[in-house]
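Participant: Protein sequences appear in the order of chains V and Z. Using our numbering, you'd call the opening residue of the first sequence number 1 and step up by one each time. Using our numbering, you'd call the opening residue of the second sequence number 1 and step up by one each time.
Derived from the structure by calculation, the hints contain no laboratory data. Note that the coordinates shown come from a computational prediction; the quantities given were computed from them, not determined experimentally. It is possible that part of the hints are untrue.
What the hints assert, rightly or not - Capping the alpha-carbon separation at 30 angstroms, the derived lysine-lysine pairs in DSS-like fashion look like this:
no.: 1; chain 1: V; residue 1: Lys346; chain 2: Z; residue 2: Lys29
no.: 2; chain 1: Z; residue 1: Lys29; chain 2: V; residue 2: Lys327
no.: 3; chain 1: V; residue 1: Lys229; chain 2: Z; residue 2: Lys55
no.: 4; chain 1: Z; residue 1: Lys79; chain 2: V; residue 2: Lys222
no.: 5; chain 1: V; residue 1: Lys222; chain 2: Z; residue 2: Lys56
no.: 6; chain 1: V; residue 1: Lys229; chain 2: Z; residue 2: Lys79
no.: 7; chain 1: Z; residue 1: Lys79; chain 2: V; residue 2: Lys260
no.: 8; chain 1: V; residue 1: Lys260; chain 2: Z; residue 2: Lys29
no.: 9; chain 1: Z; residue 1: Lys29; chain 2: V; residue 2: Lys57
no.: 10; chain 1: V; residue 1: Lys228; chain 2: Z; residue 2: Lys79
no.: 11; chain 1: Z; residue 1: Lys55; chain 2: V; residue 2: Lys222
no.: 12; chain 1: V; residue 1: Lys202; chain 2: Z; residue 2: Lys29
no.: 13; chain 1: Z; residue 1: Lys76; chain 2: V; residue 2: Lys222
no.: 14; chain 1: V; residue 1: Lys222; chain 2: Z; residue 2: Lys63
no.: 15; chain 1: V; residue 1: Lys228; chain 2: Z; residue 2: Lys56
no.: 16; chain 1: V; residue 1: Lys222; chain 2: Z; residue 2: Lys29
no.: 17; chain 1: V; residue 1: Lys184; chain 2: Z; residue 2: Lys56
no.: 18; chain 1: V; residue 1: Lys229; chain 2: Z; residue 2: Lys29
no.: 19; chain 1: V; residue 1: Lys228; chain 2: Z; residue 2: Lys55
no.: 20; chain 1: Z; residue 1: Lys79; chain 2: V; residue 2: Lys346
no.: 21; chain 1: Z; residue 1: Lys63; chain 2: V; residue 2: Lys229
no.: 22; chain 1: Z; residue 1: Lys55; chain 2: V; residue 2: Lys202
no.: 23; chain 1: Z; residue 1: Lys76; chain 2: V; residue 2: Lys260
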Amino acid sequence: MTNIVIVGGGMGGTILANNLARRLKEECRSGAVKITMLSASPRHFYQPGLLYVAVGKMTAPELYRDQASLLDSVIQFRVDPVVTFALKEQQVVCQSGQVVSYDYLVIATGSRMHMDGIPGLAEYGETFYTEASALQLYQRLQQFNSGKIVVAVGVPHKCPMAPLEITFMLHEYFKNRGLSDCVKIHYTYPINRVHGLENVAKWAAPEMEKRGITYETFFNMKEVDGVKKVVRSEEGSEVAYDLLIAIPAHKGMQVLEDNKLGTNGWLPTNRTTLQLEGHERVFVCGDTTNIPISKAGSTAHFQADTLADNLVGLIRHGTTVREYDGKVFCFIEAGKEATYAMFDYKNPPEPRPPTRAIHWFKLAYNKLYWLSARGLL
Amino acid sequence: MSNIRERRIIDARGSFCPGPLMELIVVLKEIPVEDEVEVLSTDQGSARDIPEWLKKVGHLHLKTEQINEVWHIFLKKMKP
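I would like the entire structure built from these sequences, with the hints used as guidance.
Facilitator: Spelled out as structure tokens, the structure:
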């Protein structure tokens, strides 16, 4: 029997598991292949929806589904998080004490926000990267009637478009409340343009100017002084705020650091084969790689597709069949309109002007996502 | 170039997002002061942007070399 073990029930792990199950159905039924998913949660969480929760356009319960309900019936799913990665033995050990052996292991454990790295940020800054923080931000925004909102960005973070999206969505939110003249939005970004993608920055800066949104580049958060209500940068500047909204820095999961598998939980991963460096039978999918690529849902999705092809190839033909080409696709919400950025290792993005059609497609995708998770879209 | 304890290499070739400079910002948080880094980038703008940022925050740009289509940017972390 060939054992495939997937650690992590997020977007990448779930899409991969369902893709494999569909393609290896006969092998799974005959017992030649076993697909096991080990997750820390019984629920699947659609994280991109948190942006909409923060501005009141979605509610938190819409973001969850029972994980088992999304998985093909041949997948062995257990809520039993991995605590030890014994890669030399080709085993993982779960919280229950159960030891699970693998022939192929996929680590798809995602990432988590880390507000504590910036003094004062957790105490005085708001964010929307968890359900609790998104709901709290929603409450704060409802009570905010005038003043200056500062959007500040830590690195690395997941969802590379989130800084722009929250900024444009905030503008639309206050415009709808008739408060555009009372609420000023100031955007900051760590490098010398308003986004990491040059073409996106070229599009976004005039869009900000059109909306009266000010911005400061080369701004890496250093500390937040909640008494004086200023955020200071490594570059030596400081910005006063009435409401500070952070896109916080992130880390990989603690279990990976505990197992000494990568600095800050970022696993050393081959950028084309997606193998964990030094481990032929271990693959990495999604946020937790250290590949210099967007930490985005679509990245996890396209990596999962590549891994599925290759794992099926290895099982049936003894060989991988293709490489991950760096493909990423990100929607960019801009209020009532949206655009997107699509790129890979060789081709930079060329975003088009935003349209209402793309905005409505993104809203539709918030519902259609569950088909992607089930490996159907 | 100084004697190197350990030079961390950031291979950001073909990295459009988050991009070589943001990758460097992440790595600089992880390594000790006095460690050196080499950034490999296929983005010409990085050869300008990275030294500019290093100067702003107080790290040392050692040198930049272009080998074929790849820029190699060498630097040293000078402060926490």
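Participant: Next, verify each hint and record whether it holds.
Facilitator: Going through the hints against the structure:
Annotation: proposed proximity of lysine 346 (chain V) to lysine 29 (chain Z) holds, straight-line Cα distance about 28 angstroms (limit 30 angstroms). For the given pair, lysine 29 (chain Z) sits about 27 angstroms from lysine 327 (chain V) by alpha-carbon distance, which is consistent with the 30 angstroms threshold. The suggested pairing of lysine 229 (chain V) with lysine 55 (chain Z) holds, with an alpha-carbon distance near 27 angstroms, which does not exceed 30 angstroms. Under the criterion of a C-alpha separation no larger than 30 angstroms, the hint pairing lysine 79 (chain Z) with lysine 222 (chain V) is consistent with the structure, at around 13 angstroms.
A threshold of 30 angstroms between alpha carbons decides the hint, and for lysine 222 (chain V) with lysine 56 (chain Z) the separation of about 14 angstroms falls inside it, so the pair holds. As the CA atoms of lysine 229 (chain V) and lysine 79 (chain Z) are separated by approximately 26 angstroms, the hinted pair is consistent with the 30 angstroms bound. Distance restraint check for lysine 79 (chain Z) and lysine 260 (chain V): the Cα-Cα separation of roughly 26 angstroms lies within the 30 angstroms cut-off, and the hinted pair is therefore satisfied. Proximity of lysine 260 (chain V) to lysine 29 (chain Z) is assessed by CA-CA distance (about 18 angstroms); at most 30 angstroms being required, the pair is judged to hold.
Of the pairs offered as hints, the one joining lysine 29 (chain Z) and lysine 57 (chain V) is violated, with about 36 angstroms between alpha carbons and a cut-off of 30 angstroms exceeded. For the hint pairing lysine 228 (chain V) with lysine 79 (chain Z), the CA-to-CA distance comes to about 26 angstroms; that is within 30 angstroms, so the pair holds. Annotation: proposed proximity of lysine 55 (chain Z) to lysine 222 (chain V) holds, straight-line Cα distance about 17 angstroms (limit 30 angstroms). For the proposed pair lysine 202 (chain V) and lysine 29 (chain Z), the alpha carbon gap of about 28 angstroms is at most 30 angstroms, so the pair holds.
In summary, the hint linking lysine 76 (chain Z) to lysine 222 (chain V) is supported, as the alpha carbons are separated by about 20 angstroms, within the 30 angstroms threshold. Restraint check: the Cα-Cα separation between lysine 222 (chain V) and lysine 63 (chain Z) comes to about 27 angstroms, which is no more than 30 angstroms; the hinted pair holds. Between lysine 228 (chain V) and lysine 56 (chain Z) the alpha-carbon distance is near 24 angstroms, which keeps this suggested pair within the 30 angstroms criterion. Distance check on the hinted pair: lysine 222 (chain V) and lysine 29 (chain Z) sit about 12 angstroms apart at the alpha-carbon level, within 30 angstroms; holds.
Annotation: proposed proximity of lysine 184 (chain V) to lysine 56 (chain Z) holds, straight-line Cα distance about 27 angstroms (limit 30 angstroms). Among the hinted pairs, lysine 229 (chain V) with lysine 29 (chain Z) is consistent with the structure: their alpha-carbon atoms are about 25 angstroms apart, no more than 30 angstroms. Distance restraint check for lysine 228 (chain V) and lysine 55 (chain Z): the Cα-Cα separation of roughly 28 angstroms lies within the 30 angstroms cut-off, and the hinted pair is therefore satisfied. For the hint linking lysine 79 (chain Z) to lysine 346 (chain V), the alpha-carbon distance of about 35 angstroms lies beyond 30 angstroms, and the restraint is violated.
A distance of roughly 39 angstroms separates the Cα atoms of lysine 63 (chain Z) and lysine 229 (chain V); the hinted pair therefore is violated under the 30 angstroms criterion. For the given pair, lysine 55 (chain Z) sits about 24 angstroms from lysine 202 (chain V) by alpha-carbon distance, which is consistent with the 30 angstroms threshold. Among the hinted pairs, lysine 76 (chain Z) with lysine 260 (chain V) is consistent with the structure: their alpha-carbon atoms are about 25 angstroms apart, no more than 30 angstroms.
The earlier numbered hints that this structure contradicts are 9, 20 and 21.
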